[in-house]
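Enquirer: Following the hints, put chain B in place on chain A, whose structure we already have.
2 protein chains.
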Amino acid sequence: MPTFKITVAYDGSDYVGWQRQANGVAIQALIEDALRDLDGRDVPVAGAGRTDAGVHALGQVAAFSIARPLGPDAIVRAINASMPPAIRVLAAEEVAPAFHPRFGARQKTYRYQLWNADVMSPFERAYAWHVPGPLDVEAMRAAARLLEGRHDFAAFQATGSSVSTTEREIFASRIADRGLRTAAESAIELPTQSAIRNPQSALLSYEVTGSGFLRHMVRIIVGSLVEVGRGRQPVDWIGAVIAGCDRTRAGPTAPPHGLFLVTVDYPGSLAAGS
Amino acid sequence: MPTFKITVAYDGSDYVGWQRQANGVAIQALIEDALRDLDGRDVPVAGAGRTDAGVHALGQVAAFSIARPLGPDAIVRAINASMPPAIRVLAAEEVAPAFHPRFGARQKTYRYQLWNADVMSPFERAYAWHVPGPLDVEAMRAAARLLEGRHDFAAFQATGSSVSTTEREIFASRIADRGLRTAAESAIELPTQSAIRNPQSALLSYEVTGSGFLRHMVRIIVGSLVEVGRGRQPVDWIGAVIAGCDRTRAGPTAPPHGLFLVTVDYPGSLAAGS
Chain A
1 MPTFKITVAY DGSDYVGWQR QANGVAIQAL IEDALRDLDG RDVPVAGAGR
51 TDAGVHALGQ VAAFSIARPL GPDAIVRAIN ASMPPAIRVL AAEEVAPAFH
101 PRFGARQKTY RYQLWNADVM SPFERAYAWH VPGPLDVEAM RAAARLLEGR
151 HDFAAFQATG SSVSTTEREI FASRIADRGL RTAAESAIEL PTQSAIRNPQ
201 SALLSYEVTG SGFLRHMVRI IVGSLVEVGR GRQPVDWIGA VIAGCDRTRA
251 GPTAPPHGLF LVTVDYPGSL AAGS
Chain B
1001 MPTFKITVAY DGSDYVGWQR QANGVAIQAL IEDALRDLDG RDVPVAGAGR
1051 TDAGVHALGQ VAAFSIARPL GPDAIVRAIN ASMPPAIRVL AAEEVAPAFH
1101 PRFGARQKTY RYQLWNADVM SPFERAYAWH VPGPLDVEAM RAAARLLEGR
1151 HDFAAFQATG SSVSTTEREI FASRIADRGL RTAAESAIEL PTQSAIRNPQ
1201 SALLSYEVTG SGFLRHMVRI IVGSLVEVGR GRQPVDWIGA VIAGCDRTRA
1251 GPTAPPHGLF LVTVDYPGSL AAGS
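Protein chains in written order, with the numbering used here: chain A, 1 to 274; chain B, 1001 to 1274.
Pulled out of the complex, with its shape left as it was, chain A reads as follows:
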């Protein structure tokens, strides 16, 4: 049976997360249900990473094998026809049967969005954490960089997790510039109306790429960076938190709805038979 890799975007607001669970609707379960209808048999779907309830994805990766002879475009159309509009398969490609989206991943990138203004945007309410009040973005940026490298991230793991090692490598940990102004808006903007015409100026975006992530790791990092941004902790505190390997020393866990799984990268070619 051919094996397919699919790339999936979803608005996680109304779901219990990627992974099938006893209660609530999971994205994995909806895709497995669609594939069972398509293939006339149970089709297990493996995902690259579990996203928690309320977490979104721009490029989650999953894989499965089906017996029915369908090309990648037909697979995209068939799954999407069964999905709610909050879930969309963006692409499919045939891959080697040994491909595993989780164990084969080289790195993952997550984005976390903050809305730093007194009033929350109606359009970002499901996609950004509302953090009003002054934030020292330069301090947050410096603190974010301290997470880069290979570290024991035990302090940034949800309590109660059990994994064989809490060491991970972070390749990039960055706070993007404020004012995510679009080219289009810049081109046609009247200078006096920037606050309304460019509401994105309140959006702060954190993006982190690493070899792997512990449970709640990105959200605890963001909660900690906000402590620094609010001036409650100095920049160097992040280094001390890493060194302490103690969850209780890190900041609070940021809410799930600001988090996006952006991409999952794999080494080399994934072509079937390669």
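Rather than coming from a laboratory, the hints here were simulated on the basis of the structure.
Fair warning: there could be bad hints in the mix.
Some chain A residues judged to face chain B by a derived CB distance under 7 Å, without partners named [as the list claims (entries may be wrong)]:
1) 42
2) 44
3) 81
4) 86
5) 88
6) 90
7) 119
8) 122
9) 123
10) 125
11) 171
Taking CB as the label site, the calculated pair distances span [what the hints assert, rightly or not]:
12) 1100(B) - 22(A): 56 to 62 Å
13) 240(A) - 1042(B): 57 to 63 Å
14) 1162(B) - 24(A): 38 to 44 Å
15) 1071(B) - 232(A): 53 to 59 Å
16) 40(A) - 1236(B): 51 to 57 Å
17) 81(A) - 1044(B): 44 to 50 Å
18) 22(A) - 1021(B): 50 to 56 Å
Some chain A residues flagged as far from chain B (calculated, every beta-carbon gap over 12 Å) [to be verified]:
19) 11
20) 56
21) 77
22) 130
23) 134
24) 152
25) 163
26) 211
Since the model is a prediction, treat every value here as computed from it, not as a measurement.
Positions of the beta carbon are idealized from the N, C-alpha and C atoms, including for glycine.
Expert: Leaving out everything else, chain B in the frame of chain A:
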């Protein structure tokens, strides 16, 4: 009683529009209800423009007078405390009692978003019209410019409307560049992942500023521009449609959920007593 001008953003997905109606929940009605609770009397709220059911606003403008002595910041907080998160007052300022948000407006700007890709984005499904297939954006851009100037826009008005004149002046009618890439995304992007990391590249944005707009005018303009983009009509056809003053010659009415009232501009100062 002091008169206040407020700027309001709303996600119109779940509302019957700005204006109070017999059936369904209107944004104006929710604000009037909040002000009645605040002021202990009926407080009529006048808006700058009616937005239809499903249409959004980044900067709708409204005005009202209240007896209770409250400053602008307190008014923002008090109204927002009563609103669902889909509706947010962004700002308030005291203005001269003669201020009228509709009759005093110098110009309004609307934006219409199209999603031009095979698969609709889960994140834009409530904020952009899904138009799959090839679009000749340069032709659409040229056609859009033909609408600039003072014209009789009778062909771009919903049938059954009755207004004293269908002449309006369009100051700018532009299709923005594709690839509304944010500065943040550009800064941290890996070059091989642009399709997923920059899903905005499928977003086409039309923006139009004019002295006033007829009912459904922007949506009929967009429906007509898409006819040109799909190659069903040549660029010059737009000029012929304007000249014909016949609704049946223009394109279809684009759906409401891609439309945003962006800003309403007023001449000079609005300061109270000025």
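Enquirer: Which of the listed hints are not met by the structure?
Expert: 1, 2, 3, 11, 14, 15, 18, 19, 20, 21 and 22
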